[in-house]
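Same order as they appear, the protein sequences are chains A and B.
The first sequence begins at 1426 in the working numbering and counts up by one.
The second sequence begins at 3 in the working numbering and counts up by one.
Derived by calculation from the structure, the hints in this document are not laboratory data.
There may be inaccurate statements among the hints.
[Claimed, not checked] Anything over 10 Å on all C-beta distances counts as not near chain B; from chain A, calculated:
{"#": "1", "residue": "1428"}
{"#": "2", "residue": "1461"}
{"#": "3", "residue": "1465"}
{"#": "4", "residue": "1467"}
{"#": "5", "residue": "1472"}
{"#": "6", "residue": "1475"}
{"#": "7", "residue": "1476"}
{"#": "8", "residue": "1482"}
{"#": "9", "residue": "1485"}
{"#": "10", "residue": "1501"}
{"#": "11", "residue": "1509"}
{"#": "12", "residue": "1516"}
{"#": "13", "residue": "1517"}
[What the hints assert, rightly or not] Interface residues of chain A toward chain B, partial, derived using beta-carbon atoms under 10 Å:
{"#": "14", "residue": "1429"}
{"#": "15", "residue": "1455"}
{"#": "16", "residue": "1459"}
{"#": "17", "residue": "1460"}
{"#": "18", "residue": "1462"}
{"#": "19", "residue": "1463"}
{"#": "20", "residue": "1468"}
{"#": "21", "residue": "1474"}
{"#": "22", "residue": "1477"}
{"#": "23", "residue": "1480"}
{"#": "24", "residue": "1535"}
{"#": "25", "residue": "1539"}
Glycine included, every Cβ here is placed at the ideal spot set by N, Cα and C.
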Amino acid sequence: MTPHSYLFIVIFLGVALLFPIMPLILAWMWRRVFQPPKPGAEKNATYECGVESLGEAQIQFRSQYYLYAIIFLIFDVEAVFLVPFAVAFTGLPIGAFVAILVFLLLLLEGLVWAWGKGCLNWAR
Amino acid sequence: MSDIDEGLRSELQRQGIWVTSMQELYNWGRKNSIWPLQFGLACCAIEMIATAASRYDIARFGGEVFRPSPRQADLMIVAGTVTKKMAPQIVRLYNQMPDPKYVISMGACAISGGPFKQGYNVLKGIDRYIPVDVYIPGCPPRPEALLHAFMELQRKIDEQKLTGPRKAEHLDPDQPSEFPVPAFGVHDLEPPANADVFRPMKIQRNQ
């Protein structure tokens, strides 16, 4: 007689539950019987390389970073195209070379435009 | 938890039965997986790195897992000169380690200030603020010395009691787990030493 084909999943689920829960129960029992918990202000404080942490971790960034992020993204995408171009460089026809140059020039023009608009100056 | 009669134990072992106690199992597990906190202060740290690397290989003693967070560390190896600027951070890191925790004071500087003892900016030993389990002399101590300290610490852990009046400090609810962090004073750290921890030897002089 063969067992039910889904029985293995049930067994697997049981083991998967027991495996993490058993150490937690053992640790809880160990704490109750042997090792008294010793919490404290310093011990529970945020770990920051031994330095006292200042302020909250969930802070907002200023919106000026948005422009930098956009410009960074342009050149990030450029790098994605440049790497396969560089790998296939020797086998490329002249048309493909001109095409990538136009692509680079367009991006460079965008950078010059952003520079001219004053996007690279830190706005206050 | 009581100690097992050695004769009975060897008799049983001959029959293929291995007897142990909870205390022995607990200490055996702890002493063979001492995870040090990953930080170095000065030249002793280079020796500590050499100890962790392949030639000396602290992994043979179960201590190769240097943890970058005190939450996962069992052992603090104070490797190097402790400046007064650095002392509060070290005490804070010690406080943030979970029990049980141990300290190895590595090298002359961590013990007493070493060659920089006269320096205005050097702490005269980390044992002024936190309890130290093993001291290693040397300037810097060789990796073998650190391994020796590691084995001494393993011996100490092995001898710690789980119950009874002489049980280990981390199991005693009255023993503190964290110590006051010194503050920067005008000329020195405030207080210059924790009187509960720092008990230097008194020199007896005959008049």
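Here is how each hint holds up against the structure:
1. 1428: holds (35 Å)
2. 1461: violated (4 Å)
3. 1465: Non-interface label on residue 1465 of chain A violated, nearest chain B Cβ at 5 Å vs cutoff 10 Å.
4. 1467: violated (4 Å)
5. 1472: violated (6 Å)
6. 1475: Not fine: 3 Å to the nearest Cβ puts residue 1475 of chain A too close to chain B.
7. 1476: Check fails; 6 Å does not lie beyond 10 Å.
8. 1482: holds (15 Å)
9. 1485: holds (27 Å)
10. 1501: Fine: 29 Å to the nearest Cβ keeps residue 1501 of chain A off the interface.
11. 1509: holds (37 Å)
12. 1516: Holds, because the least Cβ-Cβ distance between residue 1516 of chain A and chain B comes to about 45 Å, which exceeds 10 Å.
13. 1517: Fine: 46 Å to the nearest Cβ keeps residue 1517 of chain A off the interface.
14. 1429: violated (40 Å)
15. 1455: This interface hint holds because 9 Å falls under the 10 Å limit.
16. 1459: holds (6 Å)
17. 1460: Holds. Min distance 6 Å.
18. 1462: This hint holds: residue 1462 of chain A lies near chain B, its Cβ roughly 9 Å from the closest one there, short of 10 Å.
19. 1463: Holds - the Cβ of residue 1463 of chain A comes within 10 Å of chain B, reaching about 4 Å at its closest.
20. 1468: holds (5 Å)
21. 1474: Constraint on residue 1474 of chain A satisfied, holds at 7 Å.
22. 1477: holds (7 Å)
23. 1480: violated (17 Å)
24. 1535: Check failed: Cβ of residue 1535 of chain A comes no nearer than 41 Å to chain B, outside 10 Å.
25. 1539: violated (39 Å)
In this structure, the earlier hints numbered 2, 3, 4, 5, 6, 7, 14, 23, 24, 25 are contradicted, and the remaining ones agree with it.
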